[in-house]
Structure formats: structure tokens, C-alpha cells
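Here's the letter readout for the chains.
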Amino acid sequence: MRGKTLLTALAAGAALGVFGLAGPAPAAETIKLGSYLSVTGPASFLGAPEKKVLEHYVEQFNKAGGVAGRKIELIIYDDGGAPDKATSFAKRLIENDKVDLIVGGSTTATTMAAVPLVEAAGVPFLNLAGAVIAVEPAKKWVFKTPHTDRMAAEKVFADMKKRGITRIAMISENAGFGKSGHDQSLLVMANYGIQLVADETYAPRDPDVTAQLTKIKNTAGVQAVFNWSFGQSPAIVAKNYRQLGITLPLYMSHGVSSKEFITLAGAAAEGIRLPAAGIVVADQLPATDIQKNVAMDFKKTYEGKYKEEVSSFGGHAYDALMIALAAIQRANSIDKGKVRDEIEKTKGYVGTGGTVNMSPTDHMGLDLTSFHMVDVKNGNFVLNN
Amino acid sequence: MFRNERMIGLAVLAVIIAILPQFLPNNYYYDVAIQAGFNAIVCVGLNLLIGYAGQISLGHAGFFGLGAYASAILCTRYGWPPILALLAGALVVGVLAFVLARPILKLKGHYLAMATLGIGIIISIVLNTEAQITGGPDGISAGPFSIGGYTIKTEQTWYWVVGGTLLVAIWLANNLVDSPVGRALRAVNGSEVGAEVVGVDTARYKVLVFVVSAVFASVAGSLFAHYLPQITPAKADFFKSIEFVTMVVFGGMASTFGSLVGAVFLSALPQVLTVFEDYEAMILGAIMMGTMIFMPRGLVPTLGSLLVRRRG
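Chains as they are written, first to last, in my numbering: chain A, 420 to 804; chain B, 4 to 315.
Looking at chain A on its own, in the form it has when it is part of the complex:
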């Protein structure tokens, strides 16, 4: 019996030692590009294309001899959409893999989970989060490529104003991207002379929002409805909206600007209007559009390689990678401080999201012209500027 307990304790010790054995890899002259993305889980429609984009383009760069004479070593972890896992993996990238920069953070929640770490460690961090809090106030080491929720709200309200809509209802997810979008909308709607007459929320995994929509339907004077969410829930909103026979114009955010949304919502998606990056309607852009070539090129590459329709989310990863590598090229160094400074100096970069002009106070650098209003028609996004 005595021996058994001792052995038990030893077995415990052996198990404890497991993760002590794998030591850190030796430093090399390569560019160590770290990434953590929500490849699986509820946000996989963001993380999965982002991962494919990073893998493909890093491979292409390496085949062509690398950047500034250096090969790129790409390390990607899957956080499954969980902020605490994102914290762990960000720690792992910074402390253990000793990466030179990080391109990652598929959602606002997973991005914000890593922000304190990258700020403390001083690692350039290009994130793919939608919400404006990722770059406002500007944090020294944090940059982002997707349009902010505030810009989406402004674009939508401008469109409403054009159509003479002044009284609207909002139905928003009460977490992360949806909540932030909702709050940003409240901040800017007055600038467009728009008044909120009904304000409903729901939880990200709610299977039905009929109750909230019924309330909106019964509110007098509503001229349009604006939904803030991403993932599964906008499809549920769209379906319930049609089931209740509401005929008011339905607006959504750029969080649904992927083909998967139309597939999920089916016929219920018809007629929904939303702001989207040029990439979503690349082939419909006029030839004079500055984004046309970049967007078409990216679309062809992605669709040729992976045999699936391109989304704006993969585009965010593409833009982040290009901005990062261009900064390394200009800095001709992988010194974290120098690379950070060069990222901040990014000017006139034309990507899938639009033209990027960063500054010390603007760590995203996109303006409203890079957004396009699109309608869902016959199962496709149709440009409607």
C-alpha cells in the first residue's frame, strides 16, 4: 500500500513534467509571424478563411524568396472563439514562440483578450476585430484592418437619410460585436437626423427572436429596422422577420457580408441591405475603382486555391499580412519598434477593405469611401451605391 501511494505521487510528478520538457526553439533570422484565430467554434466563419489566406500567401512569399531577404515562419493557433484561450495562445506566441509580430484575433472578444499582453510585451499586433474599441483610443502596438462598427453605422444611416427614413428600430445581439455596434449607432445616429423608437436585444445563441420583432412590429412609426450581429443569429433575425410578415426595409451590418449568411438565411435574406467591403462585390466594381484590381486578384487567388466563395473576412487577414510585410520591407528589419513605426506610417495601401492611411491617432486608416452599400438579390450581393 505504501509503495502504491508513492508510485501514485511519482506518476503525478511525471504528468506534471510533461509540458516542462518541450523547450523553446532556437532563434533564427526568419520572420516569426504569430497568429491565433477562431478557426473552429461559433466564429469559424471568420477564422477559417483567415487561416487559409495567411497560409496561402505566406507560402507564396516564401516561394518568391521571402520578404527583405527573410523567410517567414507562420505559427497559427486555434482559440475556438474563446477569449481565455486567446489569452493563453497570445501568451504562448509572445513568451514561448517569441514571434516578431502577431496577425490575429478573429473577433473583438478574442482580440481584446490579447491587447493588454501585446501592450506590455511590445509586439506589433494587427487584429481582425470589428469593433471600434480595438483601436480607439489608439494603443501603441495595436492596429486593425476591418472597418469599424461605427463606420458601418454611419454608412447605413447615410443611406437611410438618402431614402428619407428618420424613425428606426434596432435589434442587436447583446454581446461583443453586436453590442459594440449598437452602442456606436446610438452615438452617431443623431448626426444623420435619425431617431430610435424601439431598441431590442437578444443573446448570441437565442434560437428565436420573434418576441422582440413582434414588439418592433407593434411600435408605431417605425420606418426601417437595423440589426447588429454576426454568425448564426442574423439569419434567425431574417427568417423571423419574414415569418412575421414585416415589410419594412431591413438593414444589417458588415458582419453578414459573406455568402454563408445568404446560404443560412435562404430566401429570407432577399432584400436585406448592408454595408460591405469592395471584395464582396469585386466583379461589380467599376473598372475605375481603385480597389478593383486588388479585389479581383485576391478573389481569383482564393477561389482558385480553395474552391469556395471569397468573403470579406479572409480579406481582412490579407490586408493585415500585406501591411505587416510591407512595413518589414520598409524597416528592412524585424526589430519590433521599427516595424511598429513603419506600420503606423502606412499610407495609400490599397487592399481588399479599401485605401489605408494610418496615423499615430488612427490605427485603422480606412474611411467611408471604402464601404459600399449592397443589397441581397437572387442569392447574391448586388452593388447599390
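Simulated from the structure, these hints should not be mistaken for laboratory data. Among the clues, some could well be false.
Stretch-level coverage of chain A by chain B, calculated; a stretch enters the list once three of its residues show a Cβ under 8 Å from a Cβ in chain B [stated by the list, open to error]:
1. 634 to 641
2. 718 to 725
In silico PhoX-like pairs for lysine-lysine, Cα to Cα no more than 25 Å straight-line [stated by the list, open to error]:
3. A:Lys726 <-> A:Lys711
4. A:Lys658 <-> A:Lys636
5. B:Lys156 <-> A:Lys558
6. A:Lys796 <-> A:Lys636
7. A:Lys517 <-> B:Lys156
8. A:Lys559 <-> B:Lys243
9. A:Lys764 <-> A:Lys558
10. A:Lys658 <-> A:Lys718
11. A:Lys580 <-> A:Lys517
Cβ atoms here follow ideal geometry from the backbone N, Cα and C, with glycine treated the same way.
Given chain A, work out where chain B should sit, using these hints.
Below, chain B alone, put in the same frame as chain A:
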């Protein structure tokens, strides 16, 4: 006799915890060790319930989450000192577990599992929806843990705090197992009717151990909330409960060190398996299935008796 061996086991564990930092090259490894430690504290408590008393709980993440949120809410919204918030959380969870235990533990088998499952889910729903108080699905920050003007900042310090708490938890659990209460519990596990016949107040002991294991989870949750920058309701949901039960069963039921190994192993394994990238989940599943098929009693009891037999 049992007592001495368990004390030796505890001493060996203390030595392991003391020398482990020599093998932790950076904060990331500390992070894994700390997370494993938190899980281990919960599992040591849960094992008292599952392994010794033979009662299943699929809602322990709920208690873990309640402890975490009690700390986060009391510290950030009401400015309580962290240690008081931790104790208050433990008290609330203890009382809640006590009130719930009587009706719940009358149930058996699947019905008991369902009832605890229900509690866990209710707690998780409340944390998700009462957004004005809990911060909703985005979670809430508990701030750093400070006591008497000293603030825990680095991973290294957290490691010692968690390691120390784990040792205390195991010491308490061992004491409970070796006491008359422990004997009574094992009797309940063996045969509840039999235990009643020889005069064991089975209901009382089941309630006691349920409360103790809930308080373990609550304390671990409170510390965990301070360790993470942000605590979210995902830490209190059904899947987290399943994770805890899996750790206990995987490591070996009715073995305190088994729970410890199960917790450490299953906390560290996903990190080790990231090298397999896309096959990660598959390999994790295969390891779990293999262990359950070939070592139905769990990792530690099976390996332990195997080694003893070989040596003997």
C-alpha cells in the same frame, strides 16, 4: 496507516511544486501550470463527491462561475477587498449548495445528474442574461488580487499562490477522507442501503460533501477570476462542468492524486497537441477513448496497480 502514506504523497507533491519552476522556461509555461492548478483544485473537491460518495455532479462549473463572479462583482462594482469577496463567494455558494443538496441528493443516478445539470445551466443563463450586473456574455474583470497592500502581479507569484492553495485543498480532502466522515462516505458509495442499516446518516454526509466540493470550486473560481483579465460566462457553462467530471474520471475516481493528474494532464494536453494542428481534436479524442477503454478505473489507479504488480 493510510494517513502517513497520504502525508508522504502530499510531501512529494510539495517537492514537485517547489522544483517545477526550474523546468518552466517562460510565462507561457507558468500559465499552463497555473490553469492546471486551478482545474486541479476543483477536481480534488469534485472527486470527494464523485469518487468517494459516488454522487455525480454535472453542474460544478456553475459553482466555479458563481465564485468567480462573486469576486468580480464585489471587487469591481462594490470595491470589496478581494479576500473578503472570495470568502463571501464561498459562503454564498456553500449556502446555496446546502439548500439545494437536500432535495437534489434524494435523487439517484441519471436523475441526480439531470438535477445538477439543471442547476449549472440555470447559473450559466443568469450570468449570461443579467448583463447589467454580470456584464453579459462579454464578461467582467475582477481586477488584480491584492491582500494587505500586496498585489499579485506576475505569473511566478500566481504559481506559488495556486500551488499553495492546491496543497491546502489536497490536505483538507485527505483529512476528510481519513476521518469518520470519509469512512461513512465510502460506505454510502458502496451501498447506500447498507450504510443506512449500520447507522450512517447518509443524507447528512452527502449534503456535507456536496457543500464542501462546491466551496472548493467557488474558491478556485474566485482566484481564477483575479488571474484572468476577464471572466466570461463560458467558464460556468455545461461544457466546463463536463470538463471537470472528465478530469476526475480520466485521472481515476476515489484517488485524490488521480484527480490531480487528470486535471493536469487534460489541461496541458490540448497545448501539447497543437503541434498536430488540424488533427488536434481527433488525437485528443483517441487518447480519451483509449484510456477509458483500456483503463476503465482511470489513469492513476490503473498505472499504480500495474507498477506495484510488476515490482512485486
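Mind checking the alpha carbons of Lys726 of chain A and Lys711 of chain A for me, to see if they're no more than 25 Å apart?
-> Holds: Lys726 of chain A and Lys711 of chain A sit about 21 Å apart, inside 25 Å.
Can the restraint linking Lys580 of chain A and Lys517 of chain A be considered satisfied, given a maximum Cα separation of 25 Å?
-> Roughly 50 Å between the alpha carbons, so the hint for Lys580 of chain A and Lys517 of chain A is violated.
Check whether three or more residues of the region 634 to 641 of chain A sit with their beta carbon closer than 8 Å to a beta carbon of chain B.
-> violated (count 0)
Given pair status - Lys636 of chain A, Lys658 of chain A, alpha carbons within 25 Å = 15 Å, holds
Taking 25 Å as the top limit, are the C-alpha atoms of Lys559 of chain A and Lys243 of chain B close enough?
-> 35 Å, violated
Holds or violated: Lys796 of chain A to Lys636 of chain A, with C-alpha atoms at most 25 Å apart | Given pair Lys796 of chain A, Lys636 of chain A holds - Cα atoms ~24 Å apart, limit 25 Å.
Please count how many residues of the region 718 to 725 of chain A have a CB within 8 Å of a CB from chain B and say whether that reaches 3.
-> Violated - the region 718 to 725 of chain A has 0 residues with a Cβ nearer than 8 Å to chain B, which falls short of three.
Mind checking the alpha carbons of Lys517 of chain A and Lys156 of chain B for me, to see if they're no more than 25 Å apart?
-> 21 Å, holds
Does the alpha-carbon distance linking Lys658 of chain A and Lys718 of chain A stay inside the 25 Å limit?
-> At roughly 29 Å apart (the allowed maximum being 25 Å), Lys718 of chain A and Lys658 of chain A break the hint.
Given the proposed pairing of Lys764 of chain A with Lys558 of chain A, does the C-alpha separation stay at or below 25 Å?
-> The given pair, whose Cα atoms are some 15 Å apart, holds under the 25 Å limit.
Pair hint Lys156 of chain B and Lys558 of chain A, alpha-carbon separation not exceeding 25 Å | 21 Å, holds
Hint compliance for this structure: hints 1, 2, 8, 10 and 11 are broken, all remaining hints hold.
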